[in-house]
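**Q** Going line by line, the protein sequences match chains D and Y.
Going by numbering that gives the first Met the number 0, the first residue of the first sequence is number 0, and it counts up by one from there.
Going by numbering that gives the first Met the number 0, the first residue of the second sequence is number 0, and it counts up by one from there.
This list has only true hints and no planted wrong ones.
Derived DSS-like pairs (lysine-lysine); straight-line CA-CA distance at most 27 Å: (1) Y:LYS275 with D:LYS64; (2) Y:LYS132 with Y:LYS119; (3) D:LYS56 with Y:LYS221.
Here are a few chain D residues that sit away from chain Y, every Cβ distance over 12 Å (derived from the structure): (4) GLU26; (5) SER29; (6) LYS41; (7) LYS64; (8) LYS114.
Bear in mind the hints are in silico, worked out from the structure with no lab data behind them.
Cβ coordinates follow ideal geometry from the N, Cα and C atoms, glycine included.
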Amino acid sequence: MKSILFIEDESALQKTFGEKLSQEGYEHISALDGEIGLELAKTKKPDLILLDLILPKIHGLEVLKKIKEDEEIKNIPVIVLTNLEGIEEIEKAMELGATTYLVKANYSLEELAEKVKKALSE
Amino acid sequence: MTFKEILAQLNIFAQCKKYHIPLWQCPQFLFMLMGLVIIATVITTYLITALYITNPQIVILIIFGLTTILFVITFIINRSFERLAEANRMKSEFVSVVSHQLRAPLTNLKWTIELLSSGKKVGKQSEYLKIIKENNKRMEELINDLLLVSRIEQGTILLNKEKVNMKDLIEKLILRFKTFADVLNIKITFEARENLPMVFVDPKQIELAIENLLDNAVRYIKPSKRNLRPGDKRKEKVEIKLSKTDKNIYFEIKDFGVGIPEQDQKYIFQRFFRSKNIMKYQTQGTGLGLYIAKGIIEKLGGKIGFKSEEEKGSTFWFTIPLISR
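Isolated chain Y (complex conformation) (with noise of 0.2 Å):
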């Protein structure tokens, strides 16, 4: 280690930042207030020695409550380090979801170009170039929201804020998604107190968000409803609400769902985890959707949840700040 490796590592500040964490929580800074603690305590239980000879109890005192204090601060170190191995960990199950996340579309996009170009006869060219178009949008999705999950952990998410209209991009967003509701026969209601005011938000970041929700809704319907046929009378549906309340607008969508299991609840705004449940009836996504639909809300000031029950559906909803900070 040379001389300017080691200044570089007692420059605790920058270590500290390197693993972008507060100052309380840096193993680094942590350890150096131990040290001037300990050195703090000697000095103090010295002089105190020195002073209240004749009174040992004060002594006694003195030092349990400097002894407490070395205690609290071992703890904190303790959770810091904790936190610090967990920020590993989901960094290695970070490669390891992305790798075969962007492995499936490559392959397909891999076999396919090899099946055209290997010169020999094969079905209809326009099917395969339909396979090269979705697949090279399932990458481009994929590494657009990781770029977005990164910035939304450094909190460097970019806001392009203007008055929006909830109610207009609703619809809109609903009317992109019949075709795909009407596949799986599933109607979208959506319902809209009159007179809203706008919201001053980023129109494409909240448009994301609520895409996030319906796409959950609509792709995490019961299998036994999975089959119905386009015009039959069961149709499923997902509801979706605007309204207000003093200070928000309210936003909520219900689905009548698999759900989300109990144990699983308390997981699902984080990244990359997939619901045991669902991965029985769709095993491609990434588990990267409601972590982004929260970091987005939570930008724009305002709040998520949802409640669920297995077998039943579940209901998400966000609240905006009518105005925005």
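In isolation and in its complexed conformation, chain D is listed as follows (with noise of 0.2 Å):
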């Protein structure tokens, strides 16, 4: 069973896109602030990242430079997952190494499952 971690403050969609993502038959596996989701990046080795970016403790385009520079989890595809559409925020994490930038207010969790599937597929 692929796994996914999810680092997302906003425990509702913690548990909708969560129960999505069983139902497609991934393992969720949620973080709910920065530092945790740094630290199961690394524990758990997860298959892909959906990362929002503002995020407590640890904002989210730091999560990235972190994950982008160890060499162990370097490798893992991350799809940054958040409401900001500012062109700064796109270009850096773009150049941070995200897969892929996704305004979540634009997508049906259907298409946000077919975009999991494709990052995954890759």
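Please assemble the complex out of the two chains, which come individually in their own frames, going by the hints.
**A** Written out as structure tokens, the structure is:
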């Protein structure tokens, strides 16, 4: 079973998207802040990371930077999943090595599941 | 540009009204004023030069005086442009903050509804309905806050004033916060001087102002104290005091939370401003609470202020005049 780490501080989103991931047959690992997220990325080594940007404790971009600096986990694909739509954030995230940048509000759970499937198959 | 549009452009008063700024801060008006001063300067210089041709010092002195006036007007124009640029910046910031803050509950609603209507088996339905209810409330509150911000800015905030007993009002509010405070293991204490006179205010608005202050005091508790269990003796405190001075009712709320860093203190009442240290603990929030509280208190004829130290806590206070205007 492929595992997906979802770093997101909104517990409601963890619940809904987590449920969708389970329905699709993935293992859902939830992290409610940047610090725990980074820790779980290192210990659980998931197959894919979904990362929000505005996070308690460590900002998402900082988490992404640290993931990409770590030899052991730098090859895990990271999808930035946020509601921020600033050019600056998008450029920075892509520059740091994000696989793709998605705005949460623009996608349905079904479409996101497709994106996850695609990222895992690449 | 049609003739009608040119005429509309020339109507300086209408143009300035559009910006919601006083005439003396409006670039269109100031440019016209500067034009008139330049014309007056040229004519005066010509007349004076003709009259005092034999005494160049007086001519130089008068020209110097007129040039100074022009310089001052240019300076004011510059300032008014800066203000407009600032207003423009705030507007784009507004769009960005609002869209982000609205999108969060919208995404919650969208995904929850999608999940419930997918026909697939999900966990407890009641939990998903709770998400819908909470996020609906979140959106409603944000929209109400935004409407209020717009009214505060335009000076059109509606006040339904009546005689209010502040002590009763605060006691009711504390009761409403009890569950929230209990979860965080915070004890809210309230001390009111006896026989305080009633004040003539809008109870809903004053309640909203106090609610915003109380919410901040409870919410921004130190993270180290956050995980105390209910019943733990090490309770965190929020102290509210109500007293009276010669002309005012004086309200004070003191917390021992994360405090406001010194460099952020001057921006704390600006709309959408959120201090860097609280962003670390609380990612949700619009940065409108204190702006709204200040707008309401000032509209009621009172004053609002605070003192704060990072890692030690904050004390916010406000006054309400005993005989309200």
